[in-house]
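Trainee: Please construct the entire structure, taking both the sequences and the accompanying hints into account.
Going down the list, the sequences are from chains A and B. According to the working numbering, the first sequence is numbered sequentially starting from 127. According to the working numbering, the second sequence is numbered sequentially starting from 127.
Please note that a few of the clues may not be correct.
The list cannot tell twin chains apart, which means a pair is met if one copy fits it or any two copies do.
Keeping only pairs whose Cα atoms sit at most 30 Å apart, straight-line, the calculated DSS-like set for lysine-lysine is [what the hints assert, rightly or not]:
hint : residue 1 : residue 2
1    : LYS128    : LYS320
2    : LYS250    : LYS312
3    : LYS237    : LYS184
4    : LYS250    : LYS264
5    : LYS200    : LYS184
Hints were generated in silico from the structure; no laboratory data involved.
Protein chains: 2
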Amino acid sequence: MKVYVLFSGGKDSSLSSLILKNLGYTPILINVNFGVLDSYKLAEETAKILGFDFKVEKLDKEILEKAVDLIVEKGFPRDGINYIHKQVLEILSNKYKILADGIRRDDKVPKLSYSEIQSLEMRKNVQYISPLLGFGYKTLRDLTNKLFIIEEIKSGTKITSDYEAEIRAILKERGEKPEKYFPEHKQTRIIGVKKWEV
Amino acid sequence: MKVYVLFSGGKDSSLSSLILKNLGYTPILINVNFGVLDSYKLAEETAKILGFDFKVEKLDKEILEKAVDLIVEKGFPRDGINYIHKQVLEILSNKYKILADGIRRDDKVPKLSYSEIQSLEMRKNVQYISPLLGFGYKTLRDLTNKLFIIEEIKSGTKITSDYEAEIRAILKERGEKPEKYFPEHKQTRIIGVKKWEV
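Mentor: Encoded structure:
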């Protein structure tokens with residue numbers, strides 16, 4: 127059974143794919159792209175390292191523009207990133223019947239509420255899985271350190287394959303400083319697998 | 127690394143153990159008992175079928191009595207069962223450093239709030255994992271049907287290894303009818319494994 131995993135190449139979406147594979151699913155890794163940057167490249171490399179099929183889903187740049195409107199209006203990225211994630215799930219659930227992502231228990235964003243998840247699954251007749259939702263920060267740190275070779279990337283220094291890369295590009299186009307909205311943080315990318323079949 | 131899984135022998139705690147094993151943990155299955163019935167027997171059999179170590183943790187009957195007080199007072203089992211589950215986690219986190227259970231996304235009870243989980247992990251310096259928290263009803267039905275041979279048990283007809291069995295016994299001791307508090311429902315027990323290493 128195929129499961130379509132929203133995939134950035136980071137440790138969370140990589141571990142989610144691994145858990146689903148171990149449950150007998152065939153993960154197909156999906157990187158969403160709004161046509162602003164070729165930001166899918168790092169995710170594509172990581173998908174190859176993990177040995178899973180990979181697809182880029184090109185979605186309407188309007189979604190990204192509207193998210194950036196929200197970010198500039200609010201002064202922080204939370205609502206804009208949530209907006210993108212919900213739109214992505216809405217659109218992809220028209221063609222894929224089992225969707226997954228790497229959202230963790232301690233993530234504040236992106237995150238759907240319980241009733242949003244119920245609504246998505248019922249309206250679209252899909253299954254939506256977040257395999258890491260019951261795992262805390264420490265547990266995931268231990269697990270991903272054990273399983274993966276992880277590259278840490280200082281935010282904004284490399285074109286990563288998450289929503290943030292294209293958001294930053296649009297902010298710059300508009301003459302805004304991305305650092306004003308994204309405090310410095312670390313992103314991760316899987317560059318090797320230590321243990322696969324555990 | 128050992129993980130202590132609160133285990134009833136049902137499909138949820140069985141699948142949780144499987145996911146944790148596939149992530150490289152060694153699951154030790156724990157059935158909680160309050161000394162009222164030998165209700166751990168079915169869980170013990172299922173643990174043997176799964177091939178995992180099994181332990182009975184005998185806890186103070188006071189906890190069960192207080193839960194039954196709550197159930198009778200409220201007229202429904204939710205708060206009483208939640209009370210037991212929280213007490214069990216509090217007590218076991220004094221001796222076990224990684225705890226897990228089979229709570230699912232769509233469970234209403236037992237369930238800890240996000241702040242209760244944070245509080246437990248910080249105060250006790252433990253990790254608490256609910257591997258099924260990001261999985262919905264349909265997904266779990268498909269997965270457990272694929273992986274396990276499941277026995278369905280009409281509630282109240284067999285001494286199952288969950289909190290309910292001993293709650294029912296205390297209700298009867300007090301001259302109450304358990305059916306008044308537990309509407310008829312189905313419990314499950316794993317009696318065989320179809321696919322283990324997937």
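Trainee: Determine for every hint whether it applies to the structure shown.
Mentor: Comparing the hints with the structure gives:
1. LYS128 - LYS320: Close inside one copy (25 Å) and across copies (20 Å); limit 30 Å.
2. LYS250 - LYS312: between (35 Å within a copy, 28 Å between copies)
3. LYS237 - LYS184: Classified as within; 22 Å inside a copy, 39 Å across copies.
4. LYS250 - LYS264: Close across copies (14 Å), not inside one copy (34 Å); limit 30 Å.
5. LYS200 - LYS184: Within one copy, since 26 Å is at most 30 Å while 53 Å is not.
No hint from the list above goes unmet by this structure.
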